[in-house]
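Chains as they are written, first to last, in this note's numbering: chain B, 1 to 380; chain H, 1 to 289.
Read the hints as simulated data drawn from the structure, not as lab findings. Treat the hints with care, as some may be off.
As the list claims (entries may be wrong) - One side of the interface only, derived from the structure: several residues of chain B facing chain H at Cβ under 10 Å:
(1) Arg-108
(2) Arg-144
(3) Pro-197
(4) Asp-198
(5) Ile-314
(6) Asp-318
Just so you know, even glycine gets a beta-carbon here, dropped at the ideal spot from N, CA and C.
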Amino acid sequence: MNLHEYQARDILRRHGIPVPPGDVATTPAEARALAEKLGGKVVVKAQVHAGGRGKAGGVKLAKTAAEAEANAKAILGMKIKGLTVQKILIAPAAEIASESYVGIIVDRASQRAVVMVSPAGGIDIEEVAATTPEKIHRLAVDPRYGLLAHQALGLGFKLYGDVKQARAAADIMQKLYGAFYAVGASLAEINPLVTTPDGSVQALDAKISIDDNELERRPDIAALRDTSAEAPEEVAARDAGLTFIKLEGNVGCCVNGAGLAMATMDLVKYYGGAPANFLDIGGSSNPQKVVSALRIITSDPNVKAILFNVFAGITRADDVANGIVQATTEFALKVPMVIRLIGTNEAIAVDILKKAGFSALTDMDDAVKQAVAKATGKAA
Amino acid sequence: MSIFIDESTRLVVQGITGRDGSFHAKQMMAYGTKVVAGVTPGKGGQRFEDAVPVFNTVAEAVLETKANTSVIYVPAAVAASAIFEAADSGIELIICITEGLPVLDMTRALPYVHERGARLIGPNCPGLISPGKSKVGIIPGSICKPGKIGVVSRSGTLTYEIIHQLSTHGYGQSSCVGIGGDPLIGTNFIHCLAAFADDPETTAIVMIGEIGGTDEQQAAEYVKDKIKKPVVGFIAGQTAPPGRRMGHAGAIISGSSGTAAEKIAAFQKAGISVMKRPADVVPLLKERL
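If we strip away everything but chain B, and leave its shape as in the complex, we get (with noise of 0.2 Å):
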């Protein structure tokens, strides 16, 4: 779950990491009385979980409190990549002296959290990976100890030569390595890391992702999620306890795993088709979960055949056909069905669809050909 940068620059501040003030707005007259109370230069900045924010029109300076309302006002409603701005950040337009880079990732070789600090900062990381790849410093923490001072104090003389400055920086990296565990973060950056005219050294802008398995033991950073922000269907989708990514073909796939799901999109593709969508319903699942995942995929008007992939493990084969059985005396299905269900509990399951009407194919390729033709109105 990615947080908006005014969420992420509270943790921060709660934290103990220095954050220039500023409040979020949703309204241009929020707005107004925000720079207002700030005084003078401030800066208007969309909240949506998109970057390039910037070259997107949705980042504006504002010398006044009535130019800010102004620029509130064309910012607020605008769409970036696709999303709309519903939320705006009003901070003061901070002199900047050096921009760098500071974030932590969880590095799936090293199996630990890595702090990266790069003194090219204000740009994406990622560019500076590809491009200036020396600029890029990096440390594997250990979970036992925590970053230790010494190993920030390290890192902060990448960035900064003056000592206070890189002091400054090293309780910041500190913090928010505390930030990352507290929090339950997969990603949190601050780009860029400011020095100010004075010598400050303050988190201007900020980014936090959260591993969605921390959400359940986290309310309150569960709280925090924005469903305006994200399409509608996998929101549903997040309710019901499923998977799913919308795509643009016509294939709706429902699959049980993950890996088989990806490889029953692959499949679709290979046999001249487009999938609708990836649908994982999960392990343990139960028939109800399955009424979710046609009452999702048959929202979709793009959907012109319904593919069912469904190798049972963990999942039994006969909570899917009750869950098939069900949803089709709930609401109409308007496009065809191929149902492809094997393993655990696969004959009760035959039974179960048998005696509804439906019949079930053992063969994965079998079932792909035949939803791929049914959806494009070719013969298998």
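Given the structure of chain B, go ahead and fit chain H onto it with the hints provided.
Showing chain H alone in chain B's frame:
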């Protein structure tokens, strides 16, 4: 022969009285796995299915039953704790089926397991099976056949699909290992490839990867340098869009890294025969054996 588990495997099931734990404990017993103990705190002293003693702690289970392997079916919020407990109790092989473990829990659990000399398989994995000998986890025993092909996979149900293809065409398996779809896992492709290379009865290896990370690329390098046995590979996620987590926490293309194309190229460079679809596994094995 087989890798990691065989007739000497003495299994303790952590979470044996839960919905999934009890269902799969019965399946494992029916398959012939030596399920010697179960653990559910507060239910110590009971017997599962009138046969398997249940203990409050893993330490007690190990002391009383000489269990050497554990399988974890407890909820995600307490799964890391179950891994710590198993490692602390002298269990040598820990298989964590539970999905949804916070990644930061794994940054702490992995060094803990490693320092105690134990091996963790998973989390978020289907476990493993050495057909005809032992099964630990949730892979349906009915689809497997004893034989000479070693299977290692990041996926669950996709692994079943491949095993099903192998078995129905007469290719039995020495062992099938599901290593899990999370970004941080205890046992990776290279660990399994090394074990299959050392297993005299494994004649060929099937490796099933997916988008995200660089484990497959590193495994391909390892195959090129160290593995003399034929290897057939598959990568799932050719149609996956970048930047989206495809169910598995580890299955995400970040920027331009971790794509299926990149992994397939690494496989081909290492001399691994690459399947275009799961049904290609048998024809490719035929070519290589």
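Numbers of unmet hints, in rising order: The structure breaks hints 3, 4, 6; every other hint is satisfied.
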